[in-house]
Amino acid sequence: MSPLAALTPLVDLVFPPRCPLCGDALGEQGGLCIACWSKLVIPGEPACALCQRPLGDTLGGVETGAFTCAPCLAAPPRHDGIAAASLYNSASRDLVLAFKHGRRVTLGKLLGRLIEARLGALTGQWLVVPVPLHRWRLWRRGFNQSALLARTIATTPERRLAVDALVRTRATPSLGGLGRKERARALRGSIAVNPAWKPRLNEAQVLLVDDVMTSGATSDACVRALRRAGASRVRIACFARVLDEALPPA
119 MSPLAALTPL VDLVFPPRCP LCGDALGEQG GLCIACWSKL VIPGEPACAL
169 CQRPLGDTLG GVETGAFTCA PCLAAPPRHD GIAAASLYNS ASRDLVLAFK
219 HGRRVTLGKL LGRLIEARLG ALTGQWLVVP VPLHRWRLWR RGFNQSALLA
269 RTIATTPERR LAVDALVRTR ATPSLGGLGR KERARALRGS IAVNPAWKPR
319 LNEAQVLLVD DVMTSGATSD ACVRALRRAG ASRVRIACFA RVLDEALPPA
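Residue numbers for the sequence shown follow this note's numbering, so the first one is 119 and each next one is one higher.
Hints are supplied without guarantee of correctness; some may be wrong.
Below, simulated DSSO-like cross-link-like pairs (lysine-lysine); rule was C-alpha separation at most 30 Å, straight line [claimed, not checked]:
#1 Lys316 x Lys218
#2 Lys316 x Lys227
#3 Lys218 x Lys157
#4 Lys299 x Lys227
#5 Lys157 x Lys227
#6 Lys299 x Lys316
By construction, these hints were calculated from the structure, which means they are not laboratory data.
Could you build all of it, start to finish, from the sequences and the hints given here?
Shown next as structure tokens:
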């Protein structure tokens, strides 16, 4: 038994395991109660071959990856796929808010494991790169939530954490309430590759990690910078993805 495992009963005595959403008692630390698990919406199949957007039950029985959604047909993405642990709803929003703004950093392990479960098989070597924060926002918050998620995912020899491969070259305003074009305009020129990582990004396979993917403007700016540095593949991994049209009726 490891020293940390030996301390588990003491930790549970001082800090009884509780569901981070509803506060109900749990059998062990680091999970959700059954009721709150059921509130998370996991993206299903069939899904778009390019962005993994769920295509609905009307295509039941078709081969996975056989269709491309209308948004990807209109504007083919620069990335090589998206792995989202959940769709953004009230439950996933509350988890993200508790993690990012409530400073419950231990939730990073739970959310990271949920993302990892959606990745599927990754062949070859991968660099795990978090979406960067500007230094002033990092200083105010005290941590980069995407970096904590990336650290949980980069736990095998085939996945190397590249926590500072991308940098924010300037502060950007809050993107909340902005449309897709306004978000892209606000982010233009704000994300760049760290020169120290540029040689290692050439021909590399990159897993770009974020907590929430809304319009895709931030991840698109990151993917653009990684592609310019020579990355051969860039997949996006996030905990929650905003796709209101894919949520079941309330």
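Evaluated hints:
1. Lys316 x Lys218: holds (29 Å)
2. Lys316 x Lys227: holds (29 Å)
3. Lys218 x Lys157: holds (20 Å)
4. Lys299 x Lys227: The hint is violated at about 33 Å.
5. Lys157 x Lys227: Within the cut-off at roughly 19 Å; holds.
6. Lys299 x Lys316: holds (28 Å)
Hint 4 from the list above is the single one not met by this structure.
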